Amino acid sequence: MLLTTLYIIGITAEAMTGALAAGKRHMDWFGVMLVASATAIGGGTVRDILLGHYPLGWVANPQYLVITCLAGLFTTIVAPQVVRFHKVFILLDSLGLIVFSIIGCRVAMDMNLSPLICIVAAVVTGVFGGLLRDLICRRPPMVLHKELYASVAFMAGGIYYAMMYFAVPETITTIVTLVVGFTVRVAAVQFGWRLPIFQFEEIVKAEPKELDSKS
Amino acid sequence: MLLTTLYIIGITAEAMTGALAAGKRHMDWFGVMLVASATAIGGGTVRDILLGHYPLGWVANPQYLVITCLAGLFTTIVAPQVVRFHKVFILLDSLGLIVFSIIGCRVAMDMNLSPLICIVAAVVTGVFGGLLRDLICRRPPMVLHKELYASVAFMAGGIYYAMMYFAVPETITTIVTLVVGFTVRVAAVQFGWRLPIFQFEEIVKAEPKELDSKS
Amino acid sequence: MLLTTLYIIGITAEAMTGALAAGKRHMDWFGVMLVASATAIGGGTVRDILLGHYPLGWVANPQYLVITCLAGLFTTIVAPQVVRFHKVFILLDSLGLIVFSIIGCRVAMDMNLSPLICIVAAVVTGVFGGLLRDLICRRPPMVLHKELYASVAFMAGGIYYAMMYFAVPETITTIVTLVVGFTVRVAAVQFGWRLPIFQFEEIVKAEPKELDSKS
Numbered sequence: 001m002l003l004t005t006l007y008i009i010g011i012t013a014e015a016m017t018g019a020l021a022a023g024k025r026h027m028d029w030f031g032v033m034l035v036a037s038a039t040a041i042g043g044g045t046v047r048d049i050l051l052g053h054y055p056l057g058w059v060a061n062p063q064y065l066v067i068t069c070l071a072g073l074f075t076t077i078v079a080p081q082v083v084r085f086h087k088v089f090i091l092l093d094s095l096g097l098i099v100f101s102i103i104g105c106r107v108a109m110d111m112n113l114s115p116l117i118c119i120v121a122a123v124v125t126g127v128f129g130g131l132l133r134d135l136i137c138r139r140p141p142m143v144l145h146k147e148l149y150a151s152v153a154f155m156a157g158g159i160y161y162a163m164m165y166f167a168v169p170e171t172i173t174t175i176v177t178l179v180v181g182f183t184v185r186v187a188a189v190q191f192g193w194r195l196p197i198f199q200f201e202e203i204v205k206a207e208p209k210e211l212d213s214k215s
Numbered sequence: 001m002l003l004t005t006l007y008i009i010g011i012t013a014e015a016m017t018g019a020l021a022a023g024k025r026h027m028d029w030f031g032v033m034l035v036a037s038a039t040a041i042g043g044g045t046v047r048d049i050l051l052g053h054y055p056l057g058w059v060a061n062p063q064y065l066v067i068t069c070l071a072g073l074f075t076t077i078v079a080p081q082v083v084r085f086h087k088v089f090i091l092l093d094s095l096g097l098i099v100f101s102i103i104g105c106r107v108a109m110d111m112n113l114s115p116l117i118c119i120v121a122a123v124v125t126g127v128f129g130g131l132l133r134d135l136i137c138r139r140p141p142m143v144l145h146k147e148l149y150a151s152v153a154f155m156a157g158g159i160y161y162a163m164m165y166f167a168v169p170e171t172i173t174t175i176v177t178l179v180v181g182f183t184v185r186v187a188a189v190q191f192g193w194r195l196p197i198f199q200f201e202e203i204v205k206a207e208p209k210e211l212d213s214k215s
Numbered sequence: 001m002l003l004t005t006l007y008i009i010g011i012t013a014e015a016m017t018g019a020l021a022a023g024k025r026h027m028d029w030f031g032v033m034l035v036a037s038a039t040a041i042g043g044g045t046v047r048d049i050l051l052g053h054y055p056l057g058w059v060a061n062p063q064y065l066v067i068t069c070l071a072g073l074f075t076t077i078v079a080p081q082v083v084r085f086h087k088v089f090i091l092l093d094s095l096g097l098i099v100f101s102i103i104g105c106r107v108a109m110d111m112n113l114s115p116l117i118c119i120v121a122a123v124v125t126g127v128f129g130g131l132l133r134d135l136i137c138r139r140p141p142m143v144l145h146k147e148l149y150a151s152v153a154f155m156a157g158g159i160y161y162a163m164m165y166f167a168v169p170e171t172i173t174t175i176v177t178l179v180v181g182f183t184v185r186v187a188a189v190q191f192g193w194r195l196p197i198f199q200f201e202e203i204v205k206a207e208p209k210e211l212d213s214k215s
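Chains as they are written, first to last, in the numbering used here: chain C, 1 to 215; chain L, 1 to 215; chain G, 1 to 215.
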């Protein structure tokens, strides 16, 4: 119940970030709905396809698709206001990340998959929506460059899996995962925590054109 | 029978547009066949993966894959002529769009999915081939910017679903959907009908580099 | 046994090429692991999704995922040295290509699919890892531009399928495919063999902006 409510808040917030990205690329309303939906429910879709977990969530419950499309279109109206609530967005997005991770971990646990795959399912659910958004909008995938994001999903998946494994009641597990994950994510944004960057510049002259077409 | 004939015409035309896009990126013959096939049968493939509808069409009927690869290679020979038949292409592409939408809707109806998902299946089948082509060729996804395209697939799916639901004979349903959808699509190209564009320029200075790497 | 050993060598080498590509885009450690894994096991993943062959290899055997992530992270330490072993890499990558093709062909043969689809499965397994790497890192897909790569996978799949079909013992089939495929691939790199390029420049003025946004 709690998780469903938080999930709906999460996909709404994610859909709105997707719609804003589509607006920067001057997409039409269909593009807005597509990118909004891919951002919000793309992570769960990729997870379910990788795990062979059918039917997909939004195929079984099309109302989630309706929510993401409407949230996307609604964003086209309120976009100028949305920017002013930048901070609210980061909070909602952080909440969504943890909720997605918990749901991803649970789906894999219900399929009796190994611990590592359960945590990977959490990460995929949390991260691939934003990755799809950035691929469709042809911009650098933020989750691969910015503050702790995938790592927080990994941690949330790990906490959830471990507490469930040790038979902690589900409500307590969910709340602890939410509080810890949310706190770490918000702190990461606030203090700019990030994973080390791997920077590699090829200095050999072999095939410069193909290897580095942009520069 | 009618639908199969139109389907083969449709995938041939779509494969040729894919091959032309590959040619603009100076791809080799394998790239041409890959992009041609992704454009022509990518929409149906994505739909079947999303719906868990196995085996995929071209896995069960590999001859479709042969057609798209040959159409792609054939395009490398006749490309200069193809440009002169630009208008024929738009007509064949429009026909293909409606045929793909009808087939997508039918597949989902055969799986007893909800009305909305049937129409979404029509849109995915009609639209994702072009989307994959543009992603692989790294150019702005046309279906998200240009004249009514996804909307026509949506409408075609809706008409087909509604008429089948009210037990109109399938042949009549198919022909009505084809005629109406084709007419609207051609009119959209002719008169430049398009969905409203959502244009959003961020004016705040927060994180300009990550948020807008291209400009 | 032989094939498993070679497979592990192959995914390790592919993961390292993925990590280098991620380093050129200044990704963080998570990005490095993601791109490394997508490069190494993305081809098999796409093949299994297309064929509906569940569970995916790395879901059933998560240790492969551990290998690719560790190989990716290890690359961040040894990157400057790696460049010096450029030629070793090309050899390992060529070996990986043939091993992946053999495995892809075998999976499809075990599913009793048609000859063409078995060979397509070989090509997809061999080629899509590199394609995913280049899509995520937003650079021109090398396999569509460079020396014989997909063609070698196609040939390897064909040899393997034909020899198995004529009941040649599996060990001999595997070794012959490996030797022939590896030799052709290395020769292709050495002598710059490549498929003909299809180069197409539109000279009509229709829609220049949408059709060619980059130039």
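Watch out, some of these pointers could steer you wrong.
Repeated chains share a single entry, so a pair holds when one copy, or any two copies, can fit it.
As the list claims (entries may be wrong) - Here are the simulated lysine to any residue pairs, SDA-like style, with alpha carbons at most 25 Å apart: (1) K87 x Q199; (2) K87 x G57; (3) K24 x S114; (4) K24 x P196; (5) K87 x T4; (6) K146 x F200; (7) K24 x P140; (8) K87 x E201; (9) K146 x A187.
Honestly, the hints are just simulated from the structure, not real lab data.
None of these values were measured; they are calculated from a predicted model.
Going through the hints against the structure:
Taking the shortest alpha-carbon separations for K87 and Q199, only the inter-copy value of 22 Å comes in at or below 25 Å, while the best intra-copy value is 30 Å. Neither within a single protomer nor between protomers do K87 and G57 lie at most 25 Å apart by alpha-carbon distance, with minima of 29 Å and 41 Å respectively. In this homomeric assembly, K24 and S114 never come within 25 Å of each other (Cα to Cα): the closest approach is 41 Å inside a single copy and 33 Å across copies. Only between protomers do K24 and P196 lie at most 25 Å apart by alpha-carbon distance; the minimum there is 14 Å, versus 29 Å within a single protomer.
Taking CA atoms no more than 25 Å apart as the test, K87 paired with T4 passes inside one copy only; the shortest distance there is 23 Å, against 50 Å between copies. When the C-alpha separation of K146 and F200 is checked against a cutoff of 25 Å, the pair qualifies both within a copy, at 17 Å, and between copies, at 22 Å. Within a single copy, K24 and P140 get their C-alpha atoms as close as 14 Å, and across copies as close as 12 Å, so both meet the 25 Å cut-off. In this homomeric assembly, K87 and E201 come within 25 Å of each other (Cα to Cα) only across copies, at 18 Å, whereas the closest approach inside a single copy is 35 Å.
Proximity of K146 and A187 under a CA criterion of 25 Å is satisfied intra-copy only: 13 Å inside one chain copy versus 42 Å between copies.
Violated hints, in rising order: 2, 3; the structure is consistent with all others.
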